[in-house]
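2 protein chains.
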Amino acid sequence: MKTRLFTPGPVMVPEKVMLKMAEPIIHHRTPEYESLFADVNVKLKKFFMTEGEVFTLASSGTGAMEAAVVNILAKGDKAVAVRGGKFGERWYEICKAYGVETIAIDVEWGRAVTPEQIKKVLDGNPGVKAVFTTQSETSTGVLTDLKAIGEVIKKYDVALVTDAVSGLGAHELLPDKWGIDMVVSGSQKTIMLPPGLGFICVLKDTWSRIERSNLPKYYWDLKKYKKSIEKNQNPFTPPVTLLVGLNESLDIILAEGIENMWARQALVAKAMRAGIKALGLNLFPKDPSNVLTTISIPEGIDGGALVKTLKKNGIFPAGGQDQLKGKIIRIGHIGYLDEYDVFAALSGLEMSLKAIGYSFSSGESLKAAQQVMSE
Amino acid sequence: MKTRLFTPGPVMVPEKVMLKMAEPIIHHRTPEYESLFADVNVKLKKFFMTEGEVFTLASSGTGAMEAAVVNILAKGDKAVAVRGGKFGERWYEICKAYGVETIAIDVEWGRAVTPEQIKKVLDGNPGVKAVFTTQSETSTGVLTDLKAIGEVIKKYDVALVTDAVSGLGAHELLPDKWGIDMVVSGSQKTIMLPPGLGFICVLKDTWSRIERSNLPKYYWDLKKYKKSIEKNQNPFTPPVTLLVGLNESLDIILAEGIENMWARQALVAKAMRAGIKALGLNLFPKDPSNVLTTISIPEGIDGGALVKTLKKNGIFPAGGQDQLKGKIIRIGHIGYLDEYDVFAALSGLEMSLKAIGYSFSSGESLKAAQQVMSE
Numbered sequence: 001m002k003t004r005l006f007t008p009g010p011v012m013v014p015e016k017v018m019l020k021m022a023e024p025i026i027h028h029r030t031p032e033y034e035s036l037f038a039d040v041n042v043k044l045k046k047f048f049m050t051e052g053e054v055f056t057l058a059s060s061g062t063g064a065m066e067a068a069v070v071n072i073l074a075k076g077d078k079a080v081a082v083r084g085g086k087f088g089e090r091w092y093e094i095c096k097a098y099g100v101e102t103i104a105i106d107v108e109w110g111r112a113v114t115p116e117q118i119k120k121v122l123d124g125n126p127g128v129k130a131v132f133t134t135q136s137e138t139s140t141g142v143l144t145d146l147k148a149i150g151e152v153i154k155k156y157d158v159a160l161v162t163d164a165v166s167g168l169g170a171h172e173l174l175p176d177k178w179g180i181d182m183v184v185s186g187s188q189k190t191i192m193l194p195p196g197l198g199f200i201c202v203l204k205d206t207w208s209r210i211e212r213s214n215l216p217k218y219y220w221d222l223k224k225y226k227k228s229i230e231k232n233q234n235p236f237t238p239p240v241t242l243l244v245g246l247n248e249s250l251d252i253i254l255a256e257g258i259e260n261m262w263a264r265q266a267l268v269a270k271a272m273r274a275g276i277k278a279l280g281l282n283l284f285p286k287d288p289s290n291v292l293t294t295i296s297i298p299e300g301i302d303g304g305a306l307v308k309t310l311k312k313n314g315i316f317p318a319g320g321q322d323q324l325k326g327k328i329i330r331i332g333h334i335g336y337l338d339e340y341d342v343f344a345a346l347s348g349l350e351m352s353l354k355a356i357g358y359s360f361s362s363g364e365s366l367k368a369a370q371q372v373m374s375e
Numbered sequence: 001m002k003t004r005l006f007t008p009g010p011v012m013v014p015e016k017v018m019l020k021m022a023e024p025i026i027h028h029r030t031p032e033y034e035s036l037f038a039d040v041n042v043k044l045k046k047f048f049m050t051e052g053e054v055f056t057l058a059s060s061g062t063g064a065m066e067a068a069v070v071n072i073l074a075k076g077d078k079a080v081a082v083r084g085g086k087f088g089e090r091w092y093e094i095c096k097a098y099g100v101e102t103i104a105i106d107v108e109w110g111r112a113v114t115p116e117q118i119k120k121v122l123d124g125n126p127g128v129k130a131v132f133t134t135q136s137e138t139s140t141g142v143l144t145d146l147k148a149i150g151e152v153i154k155k156y157d158v159a160l161v162t163d164a165v166s167g168l169g170a171h172e173l174l175p176d177k178w179g180i181d182m183v184v185s186g187s188q189k190t191i192m193l194p195p196g197l198g199f200i201c202v203l204k205d206t207w208s209r210i211e212r213s214n215l216p217k218y219y220w221d222l223k224k225y226k227k228s229i230e231k232n233q234n235p236f237t238p239p240v241t242l243l244v245g246l247n248e249s250l251d252i253i254l255a256e257g258i259e260n261m262w263a264r265q266a267l268v269a270k271a272m273r274a275g276i277k278a279l280g281l282n283l284f285p286k287d288p289s290n291v292l293t294t295i296s297i298p299e300g301i302d303g304g305a306l307v308k309t310l311k312k313n314g315i316f317p318a319g320g321q322d323q324l325k326g327k328i329i330r331i332g333h334i335g336y337l338d339e340y341d342v343f344a345a346l347s348g349l350e351m352s353l354k355a356i357g358y359s360f361s362s363g364e365s366l367k368a369a370q371q372v373m374s375e
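Taken in sequence, the protein lines are chains A and B.
Just so you know, we're using our numbering here: the first sequence kicks off at 1 and counts up by one.
Just so you know, we're using our numbering here: the second sequence kicks off at 1 and counts up by one.
Accuracy of the hints is not assured; some may be wrong.
One copy or two, it doesn't matter: identical chains are merged, so the pair holds either way.
[Claimed, not checked] Result set (EDC-like, lysine to aspartate or glutamate): computed pairs, CA atoms no more than 20 angstroms apart in a straight line:
1) K308 <-> E34
2) K308 <-> E151
3) K96 <-> D221
4) K224 <-> E23
Note that these hints are calculated values from the structure, not bench results.
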């Protein structure tokens with residue numbers, strides 16, 4: 001049986017991309033690499049839907065988050081971090097690590113922060129310089145309405161930063177139009193690459209903030225990356241093979257088209273949710289993201305056993321983290337997956353639920369998913 | 001014609017390793033990955049010749065250098081950075097970026113710092129907490145005698161940190177015995193992997209320094225890595241495919257044996273140096289490293305043209321950087337290269353020198369190299 005990764009990242013990688021990366025390595029201080037990197041950067045801007053710049057870091061997504069914090073803030077600045085899950089907490093922790101006075105907006109896990117909540121905090125805390133948010137919170141499966149939040153923040157002299165590590169490509173996101181100063185992402189999600197690259201998209205107007213930033217940094221110093229990118233180079237040795245793969249992955253994505261990708265991801269998520277509901281199961285998040293479907297484990301069912309059985313059946317989901325351990329199961333549907341993989345996931349889920357004693361009428365989830373697909 | 005990378009990194013990667021990395025990706029929160037990572041960590045300790053711990057970061061070598069600085073120092077500490085090339089300068093710049101009072105030991109490019117120089121600075125500057133050095137300075141081809149420096153530093157309450165990004169595996173280095181608190185390295189050198197992994201080896205006794213360190217950090221916080229490695233995990237998503245490749249590369253290295261690898265690298269470097277001298281060319285460094293051979297461009301020869309011609313002949317060297325631009329040529333001989341590749345490099349060099357009008361007797365460098373190999 002094949003192993004199918006239905007985790008919200010790392011995701012499966014197209015064979016074509018893996019084989020391209022297996023070709024003889026090229027050196028990065030060459031016209032060949034510079035031409036590749038120039039192409040990649042044009043494609044990245046299309047993928048991020050920006051006229052700004054997208055910088056590629058040799059790091060995981062967390063590294064790119066840290067880069068956002070240390071480049072957007074100066075010593076003594078106040079910041080706001082939305083904490084509605086594990087990755088929202090990470091923003092708070094990074095800010096605190098740099099001694100930033102950080103106001104947390106604590107949101108119940110499973111809910112999204114509202115624009116009103118952000119407005120209230122900004123009105124009550126003059127001097128806030130940046131608000132850190134999470135587009136799709138991978139730990140809960142919640143989507144944040146960044147367009148609406150952008151509308152609010154435009155009225156203040158405050159930067160809006162979002163962690164779109166898993167969400168980018170699965171949901172509409174328009175940094176320039178919505179006023180998102182920095183969008184952070186990573187390679188191992190909708191970009192369909194192995195982990196190892198972090199991305200940070202910076203709007204043109206955001207550079208004045210970066211210029212005044214004086215938090216200590218060297219490797220994360222975006223001014224270095226800006227200077228290098230103008231010569232189609234990186235300030236430090238880039239992970240060349242991942243960049244070769246990125247070029248391939250972006251070709252696949254752009255051939256599909258970003259809007260089509262959003263629509264496909266929405267369809268897959270809708271079909272998955274319909275299937276889940278048809279089995280009498282409940283979705284955990286009130287505001288579900290299209291990156292993953294988070295299911296509340298029903299009373300009397302052992303969440304750990306369900307994850308284990310699913311894995312034995314070749315369907316590889318993620319369980320709950322921290323306070324949600326054993327209470328939810330997360331089925332990711334980004335990366336090298338398509339509409340038909342929904343049927344694999346739901347079939348595996350049905351067989352696993354049956355095996356551990358949850359009662360329902362077999363095939364119902366598939367019927368419901370087909371219904372959505374055919375609409 | 002094949003392109004042969006004779007750069008001091010990124011280096012050529014064994015086909016076997018590339019193909020292993022092209023296999024379907026595995027998820028990192030699995031027993032399968034944890035077993036792989038446990039194996040890798042045992043092998044890394046053998047490669048680093050340490051009873052301490054080796055941490056793997058998703059970063060370039062510079063990221064691992066920054067991790068060393070922010071974990072070994074506390075606010076207000078003084079540090080010493082040896083500046084005898086581009087990478088020595090990097091230590092200084094990173095320390096300064098974090099507001100560390102940093103005393104530079106400026107060494108003429110092409111020379112190694114002496115233990116006496118370090119002793120003098122330490123005697124003259126009480127309160128220094130760490131000395132940052134470069135084992136093999138890639139920009140000049142110079143080797144530093146870390147054993148002798150370790151002997152000096154043992155007499156002070158000072159940490160010794162070295163950048164062994166390119167040198168590790170090409171020269172004897174015994175962190176535990178020589179008292180090197182932190183050894184920094186990267187994947188794209190003697191480890192024969194693509195770039196994307198940074199390594200940092202930490203001695204057991206060094207943890208008391210890390211505990212008192214309070215420079216701001218999150219992604220580079222080694223305490224997080226230590227906590228995770230105990231469960232065979234990483235605090236942040238690791239570049240899974242590179243770790244799969246690392247496991248393969250380390251198998252190749254350990255099958256050869258570290259001491260045998262040092263001996264082979266020494267032989268290759270000796271043969272290369274003999275060949276260069278036989279052509280009437282001069283070595284640039286007074287204390288040459290086995291990682292690369294740095295040749296002074298003779299009077300009347302255009303260094304840029306030589307590099308260009310070599311590349312056209314399929315031999316890919318590196319030129320000089322900064323103050324050495326056009327004055328030297330650097331031929332790396334680490335990575336997936338062996339004794340016979342020396343003959344390719346020297347043949348390409350002879351043909352290129354001939355083409356640009358340098359006069360010598362053809363074949364002499366090959367004869368000299370063969371002589372060394374046969375001894």
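Checked hints:
1. Proximity of K308 and E34 under a CA criterion of 20 angstroms is satisfied inter-copy only: 17 angstroms between copies versus 46 angstroms inside one chain copy.
2. In this assembly of identical chains, K308 and E151 lie within 20 angstroms of each other by CA distance neither inside one copy nor across copies; the values are 44 angstroms within and 54 angstroms between.
3. In this assembly of identical chains, the alpha carbons of K96 and D221 lie at most 20 angstroms apart whether taken from the same copy (19 angstroms) or from different copies (13 angstroms).
4. Taking CA atoms no more than 20 angstroms apart as the test, K224 paired with E23 passes in neither setting, with 29 angstroms inside one copy and 35 angstroms between copies.
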